[in-house]
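K.L.:
Spelled out, the chains give:
There are 4 protein chains.
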Amino acid sequence: MQLGLIGLGKMGGNMRERVRRAGHEVVGYDRSPELQDVDSLEALVGALQAPRVVWVMVPAGDPTRETVEALGDLLEAGDVVVDGGNSKFTDDQVHADLLAQKGIGYVDAGVSGGVWGLQNGYALMVGGSKEDVAKVQPIFDALKPPLDKESDSPAGEGAGFVHAGPVGAGHFAKMVHNGIEYAMMQAYGEGYELLAAVDLIEDVPGVIASWTQGTVIRSWLLDLLVRALQEDPGLDDITGWAADSGEGRWTVEQAIEHAVPMPAISASLFARFSSRQDDSPTMKAVAALRNQFGGHAVKAREVEDPA
Amino acid sequence: MQLGLIGLGKMGGNMRERVRRAGHEVVGYDRSPELQDVDSLEALVGALQAPRVVWVMVPAGDPTRETVEALGDLLEAGDVVVDGGNSKFTDDQVHADLLAQKGIGYVDAGVSGGVWGLQNGYALMVGGSKEDVAKVQPIFDALKPPLDKESDSPAGEGAGFVHAGPVGAGHFAKMVHNGIEYAMMQAYGEGYELLAAVDLIEDVPGVIASWTQGTVIRSWLLDLLVRALQEDPGLDDITGWAADSGEGRWTVEQAIEHAVPMPAISASLFARFSSRQDDSPTMKAVAALRNQFGGHAVKAREVEDPA
Amino acid sequence: MQLGLIGLGKMGGNMRERVRRAGHEVVGYDRSPELQDVDSLEALVGALQAPRVVWVMVPAGDPTRETVEALGDLLEAGDVVVDGGNSKFTDDQVHADLLAQKGIGYVDAGVSGGVWGLQNGYALMVGGSKEDVAKVQPIFDALKPPLDKESDSPAGEGAGFVHAGPVGAGHFAKMVHNGIEYAMMQAYGEGYELLAAVDLIEDVPGVIASWTQGTVIRSWLLDLLVRALQEDPGLDDITGWAADSGEGRWTVEQAIEHAVPMPAISASLFARFSSRQDDSPTMKAVAALRNQFGGHAVKAREVEDPA
Amino acid sequence: MQLGLIGLGKMGGNMRERVRRAGHEVVGYDRSPELQDVDSLEALVGALQAPRVVWVMVPAGDPTRETVEALGDLLEAGDVVVDGGNSKFTDDQVHADLLAQKGIGYVDAGVSGGVWGLQNGYALMVGGSKEDVAKVQPIFDALKPPLDKESDSPAGEGAGFVHAGPVGAGHFAKMVHNGIEYAMMQAYGEGYELLAAVDLIEDVPGVIASWTQGTVIRSWLLDLLVRALQEDPGLDDITGWAADSGEGRWTVEQAIEHAVPMPAISASLFARFSSRQDDSPTMKAVAALRNQFGGHAVKAREVEDPA
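For the protein sequence lines, the chains are P, G, S and Y, in the order given.
Each residue of the first sequence is one higher than the last, beginning at 21 in the working numbering.
Each residue of the second sequence is one higher than the last, beginning at 21 in the working numbering.
Each residue of the third sequence is one higher than the last, beginning at 21 in the working numbering.
Each residue of the fourth sequence is one higher than the last, beginning at 21 in the working numbering.
Just chain P, with the same shape it has in the complex (with noise of 0.2 Å):
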């Protein structure tokens, strides 16, 4: 079938490629010159055939929303809009009613995979009607990992791909994985810590190697863990400052919404926004605090010397 793919950046790039590599056409546009294949929307949109599927991979927020005014112009009753970006799943209700006036359908769709994706396949979590969504199986198809049928894994056909439920449920469930994500890298920083902070550990990186096997905590991150100190085994090249995108925030922002305990996904977003500052306030009270009661030192900033 054919495919309409705007955004063609690190993700989008390798999905037009995987996308091709099943035998599927793929028209793409990019702001970028050298990516796109046609130079606008008007160009994409009059090189797909009715009834058309244009998936969206641009950033979330306003380049998405853009993107989807445009094609409510430009498309036509029947068409299905995919937006497989990282948007809040409170846009898609939005997208969808929008589209909508004009008999356009809509899917969102939650995409795991990263730079691994093109190679092993992407995992995607989608929302929408069971019409709309169908439109679009032989893309998510393509684009999804093979079933392993070496694999012992329980999910069978339903590994790496999922229909979770009416608009915005993809994005809702790949939000979810995300914030799981955040708990899982907590987790094993933690223990990485731990047995970098103990002499008693001999071989840190090769701690972390054996548990690839065999135990309760092997992993696909474990793997990357592993990667990682294979080419820096002490951490020495990089600094402890890491970022974090909206599914986070999102999904500490729902557990407080629906008054669900998150107590190790909030922990760990809370590291991260710790790790990126350079002197904490919340701290700097306490040791005012300390120093208030206790006459206890406090670490004074240090004054350039006058002379």
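Hint data in this document are derived by calculation from the structure and do not stem from the laboratory.
Each hint should be verified, as a subset may be incorrect.
Identical chains share a label here; the pair holds if one copy fits it or two copies do between them.
[What the hints assert, rightly or not] Derived SDA-like pairs (lysine to any residue); straight-line CA-CA distance at most 20 Å: (1) Lys150 / Glu222; (2) Lys108 / Pro186; (3) Lys169 / Asn140; (4) Lys150 / Met21; (5) Lys150 / Gln113; (6) Lys150 / Asp219; (7) Lys30 / Asp57; (8) Lys108 / Glu273; (9) Lys108 / Asp219; (10) Lys169 / Gln139.
Please build the complex by placing chains G, S and Y on the supplied structure of chain P, with the hints as guidance.
P.N.:
What follows is chains G, S and Y alone, placed relative to chain P:
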């Protein structure tokens, strides 16, 4: 080679079987007559040719201590005792010192694999001298998972076995492994709860199954969660009561000892404590305070109607 | 001066009394006939001379929104509306904009003091323009706690009242106050629980009472905990079920919005969520995982004996 | 009565002064000649009439242990030793047993009050037998804060002093006090940071000062925060580096020992650990993982330009 194995319960029994399948001779002792190959420690030691390797697989604490002491009386210089149980790493040096008085070697081995170990192999983290570890190596090789040549795991030969350092390092590494396990389980649990809390997600087990391929959070634990949800899609048949064994507690204690921040693992440990409380004294105090300052209603303990 | 006061419940009723004791005239309206001075908003507005000050003390959300809208129709340029309820600070600018269309001023006032406010005074955190705040100042002065000249408190005249910033700043400051309150209550609760958990402490209420003078942790909340324990030394008559109002949630949401690490306050919020769960889906998942990998016993839901 | 006092530093020196002001005779010993009344423990014991009370106010651990052992040699049956330092409660029974061999009594006293104690009095939490505590009571009465008759505190005579239980109970109660202190300080710190993070709040010190009367969160610590902000409104002169003493760690250890969930106090302890790290190994691992799966940029350690 020959192995003496003490403790033939759920773990020890399967390990005997796996070692035998690898072609070694195992002489097993257990207090239960129906499990034992020989009926006493004396008989076990008598059945082995020096230099002997005796693997202790009994509960941590007093049972292990008493077994090590008894072996100290029965074994001779050049023999090696392996503690493969869940001992606290601080016990290991005590055991090693006790046996060293008679020239007997000591190796501590953290073992992961649970009920799946017979089939998949057991991951092993060991501590001790090079010489002592070498004496046990054929048994370690029999127990550990075979190298998965199909796998693209980066650990290679290092997967499933590590000599982590001197006496104590094996149990320390296993302890940290279990601490990480707590936070990973908590992460999946929190994510599951949020998915289940919203109407938007129509297929919670399906979402979780979809995560098993192509995602960042795929892991063996996630596969197990898929299995659990296949057996009981709403987890209706079990209660949220989670035991904890010593390793999680010791991990947090060690973090405190070494000033390692450990917010996610500790939160996971505390969540288990909470899960076992019928009522929380902390939250009683909170409720009492709300009542004091705001006249907020408290839930009074229900009183049986005297009529 | 004159004050129109809408909402004469537990808080509003006591505030009317305190303002009257200070010599001001209060015209109160409430939906309940037995509480009201006048029987409609129209009558309330009619009873006041311009420029009027009308204080809204009704539940946050729709009730406040509707009251502000109604006042927008009834009041005139130069009048001022004060929202003294527990509105989210983001509502304030909406209210202010709505009233500004008619030249009516708006002040948001976070009010602390609970059932003790009539006796001790109410702490006030207000937001708005200097001009609008000035019009309400005599009422603020009547409500706030009197300056304690015996006290060695360093705040001096600044105790009990602050003009924190523009519209919204009052409710924001009150929101943060409540977030801190959550963690303080949790701190005392956790300490209480640990004292009560050990046989070593023979007089738990006595220990807590002793902390009320000379210690670092003495506070008004601690005094209230002493009272609660005097009434019920083992807190046997209440259950550990703790509600939460919006402010705690909003505080954590704002922390996430501004990338402020907030581990203690968020932990306190989540503890309240947990306190209201009969069973925890998170911990069901954890228990299910333990069962899967270790064959660990789970607590099955008890089934009534069919016989 | 007479009191022997060992250790005349910041705390001990002020305590000597307060006891003397109450009309008692204090014989003080310190290693520093400029502080001491007598120049040896022997001289101190010799200057007191039996039955003697000797108060030890030296650093916890070895210094206290050695002092207690020395007093065991010098004192006689019927005398009482008080350990008023920051000893771990588990040390107390060891000390008591050691002295009991010679019929010497032992009382452990947790002391709160810091640099403010001379002026305000010291709160005392004590453990020991009724008989031993009674022998020291006049000294306790001299040290503790006077009953504040103006106060409406509910504790009455129970404020500032408690006999909490047998040997060890005093230090246990003080340990819990300090754990609570950690979380209260963290709570104020987190609230301060959020206020300071938003433009909406134009007067952060003013907001905090306003909280000191009439609010739910008023406390002595809050007064101290007001003072700190008066001295340095933006806390610009100090860094967010917060030490921790043993009590916070022991509180969390005891919570783990007794399966008491302690999320807020532990989070506060870990925040202090983080505050002292130049770089976080945990967050290095997290950053390395993000880089592995997403190609996300990491902050490389800055390298000096070789040119």
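K.L.:
How do Lys150 and Gln113 come out at 20 Å by Cα distance, when the copy is not named: within, between, both, or neither?
P.N.:
Close inside one copy (16 Å), not across copies (42 Å); limit 20 Å.
K.L.:
Are the CA atoms of Lys169 and Gln139 at most 20 Å apart within a copy, between copies, both, or neither?
P.N.:
Both: 17 Å inside a copy, 18 Å across copies.
K.L.:
Should Lys30 paired with Asp57 be assigned to within, between, both, or neither, using CA atoms and 20 Å as the limit?
P.N.:
within (16 Å within a copy, 61 Å between copies)
K.L.:
Quick one: Lys150 to Asp219, C-alpha cut-off 20 Å, is that within a copy, between copies, both, or neither?
P.N.:
between (58 Å within a copy, 17 Å between copies)
K.L.:
With identical chains treated as interchangeable, where does the CA-CA distance between Lys108 and Glu273 reach 20 Å or less: within a copy, between copies, both, or neither?
P.N.:
Classified as both; 11 Å inside a copy, 16 Å across copies.
K.L.:
Is it within, between, both or neither when you check Lys150 against Met21 at 20 Å Cα-Cα?
P.N.:
Answer is within: at 19 Å inside a copy they meet the 20 Å cutoff, but 62 Å across does not.
K.L.:
Indicate which option fits the pair Lys108, Asp219 if close means a Cα-Cα distance not exceeding 20 Å: within, between, both or neither.
P.N.:
between (45 Å within a copy, 17 Å between copies)
K.L.:
Is it within a copy, between copies, both, or neither that the alpha carbon of Lys169 lies no farther than 20 Å from that of Asn140?
P.N.:
both (14 Å within a copy, 17 Å between copies)
K.L.:
At most 20 Å between C-alpha atoms: does Lys108 with Pro186 qualify within a copy, between copies, both, or neither?
P.N.:
within (15 Å within a copy, 30 Å between copies)
K.L.:
Are the CA atoms of Lys150 and Glu222 at most 20 Å apart within a copy, between copies, both, or neither?
P.N.:
For Lys150 and Glu222, only the inter-copy Cα distance (13 Å) is at most 20 Å; the intra-copy one is 55 Å.
Of the numbered hints stated above, none is contradicted by the structure.
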